[in-house]
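Chemist: Residues per chain, in single letters:
2 protein chains.
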Amino acid sequence: MKLVIVGGVAGGASAAARARRLDEQAEIVMFERGEFVSFANCGLPYYLGGEIEKRDELMVSTPEKFKKRFNLEARTFSEVVEIDRKAGRVKVKDRRSGEFYFESYDKLILSPGAEPIRPPLPGIELDSIFCLRDIPDADRILAAIEAKKSGSAVIVGGGFIGLEMAENLHRRGLAVSVVEMMEQVMAPLDYDMAAIIHNHLREQGVNLVLRDAVESFERRRDGRTAVRTGRGRELAADLVILAIGVKPETGLAARAGLELGGRGGILVDDRMRTSDPDIFAVGDAVEVRNLVSGEMILLPLAGPANKQGRIAADNALGRESRFAGAAGTSVVRIFELTAAGVGLNEKTLAGLGRPHLCSFTHSPDHASYYPGAERLSIKLVFEPGSGKLLGAQAVGKKGVDKRIDVLAASLSAGMTVFDLERLELAYAPPFGSARDPVNVAGFVAANTLRGDHAIVHWHELEGLDPERHQLLDVRDPDELQEAGPIPGALPLPLDELRSRLSELDRSKTFIAYCAIGLRSYLAYRILVQRGFEARNLSGGYAAWAAVQQDRQATDPKEG
Amino acid sequence: MKLVIVGGVAGGASAAARARRLDEQAEIVMFERGEFVSFANCGLPYYLGGEIEKRDELMVSTPEKFKKRFNLEARTFSEVVEIDRKAGRVKVKDRRSGEFYFESYDKLILSPGAEPIRPPLPGIELDSIFCLRDIPDADRILAAIEAKKSGSAVIVGGGFIGLEMAENLHRRGLAVSVVEMMEQVMAPLDYDMAAIIHNHLREQGVNLVLRDAVESFERRRDGRTAVRTGRGRELAADLVILAIGVKPETGLAARAGLELGGRGGILVDDRMRTSDPDIFAVGDAVEVRNLVSGEMILLPLAGPANKQGRIAADNALGRESRFAGAAGTSVVRIFELTAAGVGLNEKTLAGLGRPHLCSFTHSPDHASYYPGAERLSIKLVFEPGSGKLLGAQAVGKKGVDKRIDVLAASLSAGMTVFDLERLELAYAPPFGSARDPVNVAGFVAANTLRGDHAIVHWHELEGLDPERHQLLDVRDPDELQEAGPIPGALPLPLDELRSRLSELDRSKTFIAYCAIGLRSYLAYRILVQRGFEARNLSGGYAAWAAVQQDRQATDPKEG
Chain A
1 MKLVIVGGVA GGASAAARAR RLDEQAEIVM FERGEFVSFA NCGLPYYLGG EIEKRDELMV
61 STPEKFKKRF NLEARTFSEV VEIDRKAGRV KVKDRRSGEF YFESYDKLIL SPGAEPIRPP
121 LPGIELDSIF CLRDIPDADR ILAAIEAKKS GSAVIVGGGF IGLEMAENLH RRGLAVSVVE
181 MMEQVMAPLD YDMAAIIHNH LREQGVNLVL RDAVESFERR RDGRTAVRTG RGRELAADLV
241 ILAIGVKPET GLAARAGLEL GGRGGILVDD RMRTSDPDIF AVGDAVEVRN LVSGEMILLP
301 LAGPANKQGR IAADNALGRE SRFAGAAGTS VVRIFELTAA GVGLNEKTLA GLGRPHLCSF
361 THSPDHASYY PGAERLSIKL VFEPGSGKLL GAQAVGKKGV DKRIDVLAAS LSAGMTVFDL
421 ERLELAYAPP FGSARDPVNV AGFVAANTLR GDHAIVHWHE LEGLDPERHQ LLDVRDPDEL
481 QEAGPIPGAL PLPLDELRSR LSELDRSKTF IAYCAIGLRS YLAYRILVQR GFEARNLSGG
541 YAAWAAVQQD RQATDPKEG
Chain B
1 MKLVIVGGVA GGASAAARAR RLDEQAEIVM FERGEFVSFA NCGLPYYLGG EIEKRDELMV
61 STPEKFKKRF NLEARTFSEV VEIDRKAGRV KVKDRRSGEF YFESYDKLIL SPGAEPIRPP
121 LPGIELDSIF CLRDIPDADR ILAAIEAKKS GSAVIVGGGF IGLEMAENLH RRGLAVSVVE
181 MMEQVMAPLD YDMAAIIHNH LREQGVNLVL RDAVESFERR RDGRTAVRTG RGRELAADLV
241 ILAIGVKPET GLAARAGLEL GGRGGILVDD RMRTSDPDIF AVGDAVEVRN LVSGEMILLP
301 LAGPANKQGR IAADNALGRE SRFAGAAGTS VVRIFELTAA GVGLNEKTLA GLGRPHLCSF
361 THSPDHASYY PGAERLSIKL VFEPGSGKLL GAQAVGKKGV DKRIDVLAAS LSAGMTVFDL
421 ERLELAYAPP FGSARDPVNV AGFVAANTLR GDHAIVHWHE LEGLDPERHQ LLDVRDPDEL
481 QEAGPIPGAL PLPLDELRSR LSELDRSKTF IAYCAIGLRS YLAYRILVQR GFEARNLSGG
541 YAAWAAVQQD RQATDPKEG
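Residue numbers (the working numbering), protein chains in the order written: chain A, 1 to 559; chain B, 1 to 559.
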């Protein structure tokens, strides 16, 4: 049995190690085009920021270690350029000697990864423009940073790598701009959750440019790079990071006639088998089935790549092992914030035309009487009727990763928002609350489904008819004073509501809000039980204000 | 509709608020024997330690707030002394005036809580001996601490409150002893996990006395208290905290002829209804069904109490709402460590005679190449065959609460260890690993069930026959040198194993171990595939050494 693996990082390395554990006799050869195998690519931004101090820390393994520990050949600088499926062999280019040779296989696992997208814009070839995929990229960026210790950087793209680089270059003392063509950063989140991130980025001093696309780069007379956008901005940069996304490396697979999917990735079944039963593929280059939508998607994340590598090795060696589908669980730290998501978001479900409801809650990450509690915002997306969880998003300073992991487990198990109400999570004051933020999110969602809670979302406020609707601010007067009202709101503190009901016009529908939506839920309950038409603003003033603050900063003219 | 609630903390307060949200018209009266309603009893140790600086922070609500916000009567200093079920009324003692009166009810919810156990030991009445249940208790303890700023404290009992008080009194500058009659602190954990806590407590300077019971207290001539134990110890204390557990307050219920359960708590069905359909009971005073064992248990924890209060209110007001059973999820911070558990532990399952298997893994809490990673130890307990998760325990400095909450959600969903392998958890370097510690725990457990991994546990090493078994230390020589071997082990570093197989005696069963059990799993795979009999030591040297270190400190004579 001879197993050949193409690509020596994440999925490939994981497949190689698993294969050896399963089969001590198999001949295993792993080809890596670059200089390094099994390096910590997710750590590159933190190495560039200086948190990871030593480059060696990034080297999870080496060809020598693979040989000694796993008795397998990891050949670096070795590019597989062709698969001869009939002959069962690959053609390899030794990138140091330039020579070609063949290597036969019984089973082949492809883990070629994905390459950063480099659009053909004028000036894209300038040496001040970098992508970040591997260690040589990091070396080049680090050299550029060190040459310009107090310069400025423009990051094109507000996804995971873009925002991690924003934080880390800022940490290095560079002035950082992020240019994102969409209205929001972090596509896995919906806009209302991303707005919290936008405001935080701006508070940290990042120049955030949204809804604007880079159109060209040009070397200026002072040696810096002019980054020009479609809306007429010109940003001067010592360093440009292109982080607008990646595309699967499918050239080798396509040339070999392996089937590709509709998203441009290699098509595999749930055993990670390509259209050729002797060839498997894993990681950023393949399409996987989304657990919630059932659609095939690209999911360039390290966790799934590792698991797929293991599954491909199992199947290549004759075991039955299946990939259950991707929940898309992801997390990113953005300065002091953490943002995370799982499953599908509202905009994706809307695009699929699939019915869904949302809840938006804010809770302290742990008991508010214990010091250091921070606001944690959770958005649940769920099925009307059944309440089945379809997706979740969370943003906050603490405890975000925990709640998304709990929600990821819940979503994988097919739980409903009614299950989330009941979930028994660990509580001690430093860690949580007797009602965990996940329970609270469940309560609000489930109350909505039970008909105990009628909500409106922040974006629905824009369509209100002042003749028929009346906003009701139930916060205390000092809070209202400090934060300001939502325009048009009638102030009536919750604790005075019962005694002042006679002041309210019964012909109107009252939309109650407070800081986060809890007290206004109580107000809503009082109103509807006293015969009023009422709604509660989901997520309260906080949800509305985050969006307003963002919009005003994004484009004051349009604000 | 008139709802009367007995007890104004956690479950009672939660029931009251829920009832009002559901029914604006109901008359709601809540009686509280003490001065305070809805206070943060879980915060008391942290208030005593000074982390929670202001006493007011502990007051989650007040009778005035209940009146204003929820339009309900919260009567403090009001003890319900009798339930007249026929007449549908309770007899109340006004503890300030000493007078009695009756209050009628349509539905009654009991949330009397539990009281600290105060065994009738000689000297138990001394004024230096305190329990910690409520704010007056905390006031008394604080006065005692402040009178003796650099004294010493003896804590009797190594459960949640005992260990939280150990940390917080130590923080106040007191020399702290903890006396626990069992061989371990933290009963929800098994001994091998608790041993990690024992070692940490000792490192922090806590005098930990295990397997010894307090037998008497006596005032010494110097005014301090002598705490004497069954094994002849005498500890001098300025302050004694009794934290040996609580017993449900069932007096009122028992006098009213409500059925009690076998554990001494009030018996309720899954709607929190007692044997009288108009009377509900919640919180520390009731028995609930354990989700895993199906047995009725006492579970004096705030999270379940809150949820039960909500459920009781639902049912009292005619809604259908059920308590799904208790997973027993709990967490505690102990100095720099966090310890947490869910479901059943090994010793409970052994006691029930229920077949089970365990896995013991150690992983960094986040990617080891990113700074600050700490070892996180996880023990899974699962069903042979199906792999259904029965319980989990975790101990470490970071990320423990997250993993237990994920495992709590998984256990509630009926997941197996095979599901844990696949669980897609959020990964970025500051938060986790491409293979999360929960996945790793799943891998090890599932490999065992698939027959790919035969393990022995630390306690089985004691029964080895040197004629038939050979321990094999596959760590690197410098590690072995630094940590020391397990006596009798043959050193053979993993990376040399394949080339030195001929040195091994094929008539023996080799028990491989490394630092945590990962490399020795590789060694195990090599050995069995090369025709040797082999096992892997679950949890590696770390698991064995934690127990050895603890045993030597617990009783050096017996060591």
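The set of hints was computed from the structure by calculation and includes no laboratory data.
One thing to keep in mind: the hints can contain errors.
Simulated DEER-style distance windows between Cβ atoms [stated by the list, open to error]:
hint : chain 1 : residue 1 : chain 2 : residue 2 : range
1    : A       : 64        : B       : 451       : 29 to 39 Å
2    : B       : 509       : A       : 385       : 50 to 60 Å
3    : A       : 336       : B       : 230       : 46 to 56 Å
4    : B       : 35        : A       : 368       : 18 to 28 Å
5    : B       : 183       : A       : 372       : 52 to 62 Å
C-beta atoms are modelled at their ideal positions from N, C-alpha and C, and glycine is treated no differently.
Chemist: Has the hinted range 29 to 39 Å been met by the Cβ atoms of residue 64 of chain A and residue 451 of chain B?
Modeler: For residue 64 of chain A and residue 451 of chain B the Cβ distance comes to about 32 Å; the hint holds.
Chemist: Take a look at whether the Cβ-Cβ distance between residue 509 of chain B and residue 385 of chain A falls inside 50 to 60 Å.
Modeler: 58 Å, holds
Chemist: Go ahead and decide if the range 18 to 28 Å is satisfied by the Cβ distance of residue 35 of chain B to residue 368 of chain A.
Modeler: 22 Å, holds
Chemist: May I ask you to test the hint 52 to 62 Å on the CB atoms belonging to residue 183 of chain B and residue 372 of chain A?
Modeler: With a Cβ separation near 35 Å, residue 183 of chain B and residue 372 of chain A fall outside 52 to 62 Å, so the hint is violated.
Chemist: So the hint says 46 to 56 Å: do the beta-carbon atoms of residue 336 of chain A and residue 230 of chain B match that?
Modeler: 52 Å, holds
In summary, the structure is inconsistent with hint 5 from the numbered list given earlier, while agreeing with all the others.
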